[in-house]
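Generate the whole structure from the sequences, applying the supplied hints.
There are 2 protein chains.
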Amino acid sequence: MRYSQLFGKTSKSVPADAESVNAKFLTQGGFVSKQMAGVYNFLPLGLRVLSKIQKIIREEMNDMGGQEILMPALTQEESYLTTGRESMEILFKTEIVGGGKAMLNPTHEEVVTPLVQSHAFSYRDLPMAVYQIQNKFRNEPRAKSGLLRGREFNMKDMYSFHLDEADLNKFYDQAIASYFRIYERLGLGKSQVVLTYASGGSFSRYSHEFQAISEVGEDTIFLCKKCNIAVNKEIIDEHNFCPSCESVDLTPSKAIEVGNIFKLRTRFSEAFKFNYQDKDGKNNLVEMGCYGMGPSRVMGTLVEIFHDEKGIIWPTAVAPFDVHLISLGKENDEVTAAAEKLYSTLKEQEIDVLFDDRGNSSAGEKLNDADLIGIPVRILLSKKTLAQNGAEFKRRNEKSSKIIALGEVVQNIRG
Amino acid sequence: MRYSQLFGKTSKSVPADAESVNAKFLTQGGFVSKQMAGVYNFLPLGLRVLSKIQKIIREEMNDMGGQEILMPALTQEESYLTTGRESMEILFKTEIVGGGKAMLNPTHEEVVTPLVQSHAFSYRDLPMAVYQIQNKFRNEPRAKSGLLRGREFNMKDMYSFHLDEADLNKFYDQAIASYFRIYERLGLGKSQVVLTYASGGSFSRYSHEFQAISEVGEDTIFLCKKCNIAVNKEIIDEHNFCPSCESVDLTPSKAIEVGNIFKLRTRFSEAFKFNYQDKDGKNNLVEMGCYGMGPSRVMGTLVEIFHDEKGIIWPTAVAPFDVHLISLGKENDEVTAAAEKLYSTLKEQEIDVLFDDRGNSSAGEKLNDADLIGIPVRILLSKKTLAQNGAEFKRRNEKSSKIIALGEVVQNIRG
Numbered sequence: 004m005r006y007s008q009l010f011g012k013t014s015k016s017v018p019a020d021a022e023s024v025n026a027k028f029l030t031q032g033g034f035v036s037k038q039m040a041g042v043y044n045f046l047p048l049g050l051r052v053l054s055k056i057q058k059i060i061r062e063e064m065n066d067m068g069g070q071e072i073l074m075p076a077l078t079q080e081e082s083y084l085t086t087g088r089e090s091m092e093i094l095f096k097t098e099i100v101g102g103g104k105a106m107l108n109p110t111h112e113e114v115v116t117p118l119v120q121s122h123a124f125s126y127r128d129l130p131m132a133v134y135q136i137q138n139k140f141r142n143e144p145r146a147k148s149g150l151l152r153g154r155e156f157n158m159k160d161m162y163s164f165h166l167d168e169a170d171l172n173k174f175y176d177q178a179i180a181s182y183f184r185i186y187e188r189l190g191l192g193k194s195q196v197v198l199t200y201a202s203g204g205s206f207s208r209y210s211h212e213f214q215a216i217s218e219v220g221e222d223t224i225f226l227c228k229k230c231n232i233a234v235n236k237e238i239i240d241e242h243n244f245c246p247s248c249e250s251v252d253l254t255p256s257k258a259i260e261v262g263n264i265f266k267l268r269t270r271f272s273e274a275f276k277f278n279y280q281d282k283d284g285k286n287n288l289v290e291m292g293c294y295g296m297g298p299s300r301v302m303g304t305l306v307e308i309f310h311d312e313k314g315i316i317w318p319t320a321v322a323p324f325d326v327h328l329i330s331l332g333k334e335n336d337e338v339t340a341a342a343e344k345l346y347s348t349l350k351e352q353e354i355d356v357l358f359d360d361r362g363n364s365s366a367g368e369k370l371n372d373a374d375l376i377g378i379p380v381r382i383l384l385s386k387k388t389l390a391q392n393g394a395e396f397k398r399r400n401e402k403s404s405k406i407i408a409l410g411e412v413v414q415n416i417r418g
Numbered sequence: 004m005r006y007s008q009l010f011g012k013t014s015k016s017v018p019a020d021a022e023s024v025n026a027k028f029l030t031q032g033g034f035v036s037k038q039m040a041g042v043y044n045f046l047p048l049g050l051r052v053l054s055k056i057q058k059i060i061r062e063e064m065n066d067m068g069g070q071e072i073l074m075p076a077l078t079q080e081e082s083y084l085t086t087g088r089e090s091m092e093i094l095f096k097t098e099i100v101g102g103g104k105a106m107l108n109p110t111h112e113e114v115v116t117p118l119v120q121s122h123a124f125s126y127r128d129l130p131m132a133v134y135q136i137q138n139k140f141r142n143e144p145r146a147k148s149g150l151l152r153g154r155e156f157n158m159k160d161m162y163s164f165h166l167d168e169a170d171l172n173k174f175y176d177q178a179i180a181s182y183f184r185i186y187e188r189l190g191l192g193k194s195q196v197v198l199t200y201a202s203g204g205s206f207s208r209y210s211h212e213f214q215a216i217s218e219v220g221e222d223t224i225f226l227c228k229k230c231n232i233a234v235n236k237e238i239i240d241e242h243n244f245c246p247s248c249e250s251v252d253l254t255p256s257k258a259i260e261v262g263n264i265f266k267l268r269t270r271f272s273e274a275f276k277f278n279y280q281d282k283d284g285k286n287n288l289v290e291m292g293c294y295g296m297g298p299s300r301v302m303g304t305l306v307e308i309f310h311d312e313k314g315i316i317w318p319t320a321v322a323p324f325d326v327h328l329i330s331l332g333k334e335n336d337e338v339t340a341a342a343e344k345l346y347s348t349l350k351e352q353e354i355d356v357l358f359d360d361r362g363n364s365s366a367g368e369k370l371n372d373a374d375l376i377g378i379p380v381r382i383l384l385s386k387k388t389l390a391q392n393g394a395e396f397k398r399r400n401e402k403s404s405k406i407i408a409l410g411e412v413v414q415n416i417r418g
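The listed protein sequences derive, respectively, from chains A and B. Going by my numbering, the first sequence opens with residue 4, and the numbers climb by one from there. Going by my numbering, the second sequence opens with residue 4, and the numbers climb by one from there.
Put simply, identical chains are the same to the list, so a pair is met inside one copy or across any two.
With a straight-line Cα cutoff of 30 angstroms, these simulated DSS-like cross-link-like pairs (lysine-lysine) come out:
#	residue 1	residue 2
1	Lys282	Lys12
2	Lys96	Lys37
3	Lys229	Lys193
4	Lys236	Lys257
5	Lys37	Lys276
6	Lys104	Lys147
7	Lys58	Lys147
8	Lys282	Lys333
9	Lys313	Lys27
10	Lys369	Lys282
11	Lys276	Lys12
12	Lys173	Lys12
13	Lys104	Lys37
Source of the hints: derived by calculation from the structure; they are not laboratory data.
So this is what it looks like as structure tokens:
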């Protein structure tokens with residue numbers, strides 16, 4: 004992609020209401036554009052990152068045996084009356100022409116429970132796990148923090164259905180392992196994301212959050228370094244020891260929640276009377292679990308964690324492009340010709356390149372834009388590098404650059 | 004995929020309110036499940052079809068130079084006050100906590116115009132075309148006809164921005180060609196889809212619809228067979244001749260609208276004061292076009308056009324799977340063993356297979372399900388075919404079947 008043609012270029016102005024690093028850099032970098040509080044447009048660069056995050060999550064969900072479906076945003080009020088959640092403060096409501104109200108789903112238990120119920124005919128159809136990647140709506144009183152707390156935001160939500168609690172527990176543990184694989188692939192290693200015990204509501208002892216350690220996190224968690232788990236604020240207020248080893252040596256840390264899983268047990272199957280007849284003809288309520296992870300929130304979190312004062316430092320797996328190629332040539336000079344040739348070579352090699360081919364921008368401007376946008380590898384061609392028959396190679400997460408031979412650019416990128 | 008494990012199996016019952024062939028077969032086949040009037044869940048089979056349609060549309064939009072973005076569903080009321088469209092009947096409205104109203108966008112001119120305006124800094128940034136594939140909301144008084152007229156439905160909408168009318172006209176003609184390529188790839192040839200002149204509103208002489216000829220179509224169009232174009236009802240009421248050759252020999256036909264393109268001209272750039280300074284320092288309003296095509300509506304239309312009394316006949320490019328493999332084996336018998344082996348072979352060859360491995364279903368049930376689901380190729384293994392060391396090969400769109408050697412299944416599928 005030629006930067007000269009890209010929709011959504013960098014902008015120097017700091018958004019007046021950018022109260023967070025992710026809102027600031029993502030807006031300045033041309034990844035997103037704010038529509039209203041908590042509601043964002045994704046520009047081409049931003050949509051590329053979001054899609055890569057979604058793809059990783061999708062692959063891992065499929066690997067767990069989850070089947071992808073797509074549920075709607077609109078749902079009739081009756082479904083929320085059935086579960087008694089029609090009074091949730093965060094529900095956006097709208098009038099249907101001709102009568103009745105619809106809710107904009109903030110989560111999909113009210114949709115998925117009757118949906119699976121109507122398509123699972125016997126105990127032989129369970130266990131079953133379905134998921135979707137779709138936009139959710141929450142009427143947040145304080146929508147802020149860029150992509151971290153939105154009124155409309157992207158969410159992966161999986162729901163699992165089981166014959167008994169033991170099967171739910173088994174799947175739940177698999178989900179924990181799957182989530183850690185996702186974070187690892189996204190560039191967030193095990194030292195970065197901590198399994199955090201949270202309140203389980205009325206039906207389970209605990210639910211679990213996945214908290215990414217970050218100084219700018221909104222949440223405070225309490226780490227047990229021995230077990231490498233944490234408890235959240237709710238739990239520490241209740242009892243101040245590690246639920247795993249019972250140690251009271253817990254260290255507070257700021258963190259951002261990047262996932263949340265919950266044993267719903269029979270909370271929703273009971274409301275919808277979703278039960279099954281077992282082999283002995285006995286009716287049992289279906290056991291349910293739910294597993295949330297927000298791709299747009301993850302995107303904001305990655306920026307909060309991976310940046311420096313100049314801009315974003317994308318992990319390779321989710322970077323909008325693999326390589327940022329900069330030409331410092333003028334119209335029709337040899338630098339431009341060499342850069343055009345290298346651009347063609349990289350495309351032929353199926354390397355995803357953002358090519359800054361602008362003729363009317365200064366070297367400083369181009370280098371600053373590359374730092375702001377944060378693509379992992381920067382390749383620069385100038386009169387100086389060509390004098391050495393080479394290109395300047397620099398990784399975004401390293402300070403030093405080096406001159407490499409033009410013929411060795413591809414292998415340096417792949418190395 | 005094993006059919007025994009698939010979420011969303013066939014169902015014999017006709018939905019009580021299935022007023023259309025697409026609603027009936029898509030529901031019975033396990034592709035979709037109705038949530039409320041005009042709002043559907045997509046089950047795994049349906050999401051596969053929808054994704055394939057989206058992929059074809061996306062490729063052609065990229066080919067035209069369109070850049071993919073993603074705009075939100077929620078938008079502040081002010082944007083609609085600016086264009087004077089806040090009173091549109093089909094607008095879903097919702098209250099924002101803390102004050103103010105948001106609209107659920109039924110189309111995105113109110114979002115895309117200021118978005119492009121704020122990111123296009125000079126006349127050098129134009130022309131520019133952006134598109135998205137996203138869900139729209141319309142408060143339809145009579146939501147019906149399955150996926151054809153929804154309250155929440157999937158839409159690809161592209162918007163183009165130009166320095167002058169000539170450039171808009173050029174791009175508009177390219178869009179017409181691109182749309183026909185998409186329909187062709189979707190299985191709708193040029194004899195099936197007709198460019199139809201429609202009212203252009205206050206700024207253009209005409210807009211254009213793409214109408215798929217179908218006896219069950221809601222629309223009536225008037226064909227000029229000489230020019231291979233049509234005019235819609237609005238236009239024929241105004242003047243009853245072909246806008247191209249002026250012939251009055253127009254033949255009425257029923258049709259389903261599968262696309263709509265519109266020269267917006269300066270309708271929205273004027274409202275948002277989106278103008279640019281040209282080389283001579285003169286301010287001009289930006290010329291705009293919009294180009295809509297609904298993947299979910301296209302999906303419903305394909306079912307309306309490609310079916311028989313037994314079920315759907317998917318065009319190859321959008322079928323949920325390439326092959327429907329049926330085993331008539333019992334547990335542990337040689338037919339089951341041969342079918343399992345063939346299933347592995349097909350997967351190794353990267354052929355997308357739906358494998359009906361159910362042990363508790365009759366031959367008739369399996370064959371009826373295959374006809375209903377409508378995958379292009381059916382491969383059946385039974386004692387009878389194995390006696391000939393073969394499999395039964397049948398295309399969904401042909402009456403006859405044949406026995407082919409087990410070793411030649413792959414080449415028959417690819418042939």
